[in-house]
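Engineer: Sequence:
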Amino acid sequence: MADIFDAYALADAWDEMFERRGATNTVRTAYEPVLAALQPIEPGELRFRADQMARSFTDRGVTYAFAGEERPWPLDLVPRIIDAVEWDVVQRGVVQRVRALEAYLADAYGPCRAFEDRVVPWRLLLGSPHFHRAAHGVEPPGGVRIHVAGIDLVRDEAGDFRVLEDNVRVPSGVSYVIENRRAMTRVFPSLFDGQHVVPVDGYAQRLLAALRAAAPERTADPRVVVLTPGPGNAAYFEHALLARLMGVQLVEGHDLVCRGNRVWMRTTRGEVPVHVVYRRLDDDFLDPLHFRPDSVIGCPGILSAATAGNVTLANAVGNGIADDKLLYTYVPDLIRYYLGEEPILPNVESYRPDEPGQLEAVLDQIDQLVVKPVDGAGGQGIVIGPKADAKTLERTRRAVAADPRGFVAQRPVALSTSPTLTGERMAPRHIDLRPFAVNDGDEIWVLPGGLTRVALQEGNLIVNSSQGGGSKDTWVLAEGPVEGPSPTPADGPPPSVVPRQHGPDGTAVLVPEGAQQQ
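Residue numbering for the sequence shown follows the working numbering, beginning at 5 and increasing consecutively.
Read the hints as simulated data drawn from the structure, not as lab findings.
The structure presented is a predicted model; accordingly, all values stated were derived computationally and were not measured.
Misleading hints may appear alongside valid ones.
Derived CB-CB ranges, DEER-like [as the list claims (entries may be wrong)]:
id, residue 1, residue 2, range
1, T28, D92, 26 to 34 Å
2, L293, D446, 30 to 38 Å
3, P235, P193, 31 to 39 Å
4, T396, E275, 21 to 29 Å
5, E36, N265, 56 to 64 Å
6, P360, Q209, 30 to 38 Å
7, T62, G445, 38 to 46 Å
8, G427, C116, 28 to 36 Å
Just so it is clear, CB atoms sit at the ideal spot from N, CA and C, and this is done for glycine as well.
Can you make the complete structure from the sequences, with help from the hints?
Structural biologist: So, in structure tokens, the structure goes:
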């Protein structure tokens, strides 16, 4: 075994690459070619390649904000591998989950059967800050409200995948899936030798097809735009990358105007109609006429245009009721209720503090549970009881007692670990997985692999990049040969540093310097 693994000690969790057999660590079958490729490489050479990759990310603008500083996206050199059999379970489980959440959204903004049948309590819906009455009764084209979903999974101590949470409002991170694969094929191509790794470079085409399919009826040639809050947003790199790969316009709120319940885009040759808006800003900032009146990044009147059926908003307004972390605890019941199926991917064991009896159980065991705000994001507000100090636990206890509806509690799960380069050696670090699903109304397609996030600090269970986490290239292995993994199309400088240019019709577009206009 290579020197970098000599001191590798398995943590008290499922390890993705190794299993303990007696007193020795044995590599799992799927990782044998990767280990064979890593063994001949000196630790210093691995560190050099990692630094080289970080420099390339910086040069291309693939960065993220942490502690007020822009840093290169932290990609580890050891991939996370999922074989074909396991991926089949993950894929079917994610599709099932999205189907159930779609059914719930249609029901909650329609007949409310699940509430009348007491599958879900009314207070869960009416107490959600993300329930928007303006979305009630709106039937989106194709019945699709969740055009893009990100379902967070963890592997538990037994090695089984469990759903940690659902993201169906504005899920982000897919750009790093694309960039991770591009970087790995360039910096470490030998790792791919003899491996049947399913490519990820078809995501943009799938997304564009789903967005065009979501256009209002009788739209002959739908115009799709990506609506971004602007360069100051932490995910702006992703917004620009996806717009470029799809060959559509990246716009801000002031680029759009609503008139006569229709949406138009300003160009140098006049206004042109817009039919689908892939919006990457939250509901609260989308339309100052309906939500926050102080928002300067949205487009006044865009919700009225969507309600009138003249433009499609992807994802739909009001989806936040489906990724409420309290609703998460009811999803297995919703799968049974709407689909008549048993859940393929189980939840993590959870408590609902707003239910009689469960509040007392949570308060009594708060030092043994993970407590989350129901509308938290990016790892913010999470308290891991076994690792928290007495002052934090007492503050959390008071907060939960004062607002039981605002929190959910879960059993701590020892997230699986994966070898991660720390300095010039490998050490186990906890990871999760966010598969991305695209729904075109006929099929829910799951991007092979998704985003594996890594908690870079030893023992840390919070993997979010906003909390200092990193990532891994996620490989899904096919059972037979596939077209070799390839970098994404349109190589060149990063789309986050681009001048505004104009297409043949006068439409404002973003094009990387040195790259051809799409």
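Engineer: Now look at each hint and say whether the structure bears it out.
Structural biologist: Status of the hints after comparison with the structure:
The hint said 26 to 34 Å for the Cβ distance between T28 and D92, and at roughly 31 Å that hint holds. Here the CB-CB span from L293 to D446 is close to 34 Å, well matched to the stated 30 to 38 Å. Taking the beta carbon of each, P235 and P193 are about 33 Å apart, inside 31 to 39 Å as hinted. Between T396 and E275 the beta carbon distance is about 54 Å. The supplied range of 21 to 29 Å is therefore violated.
Range check, E36 to N265: about 60 Å between beta-carbon atoms, so the 56 to 64 Å window is met. In this structure, P360 and Q209 break the distance hint of 30 to 38 Å, their C-beta atoms being roughly 50 Å apart. Roughly 40 Å separates the CB atoms of T62 and G445, a value that falls within the hinted 38 to 46 Å. Roughly 56 Å separates the CB atoms of G427 and C116, a value that falls outside the hinted 28 to 36 Å.
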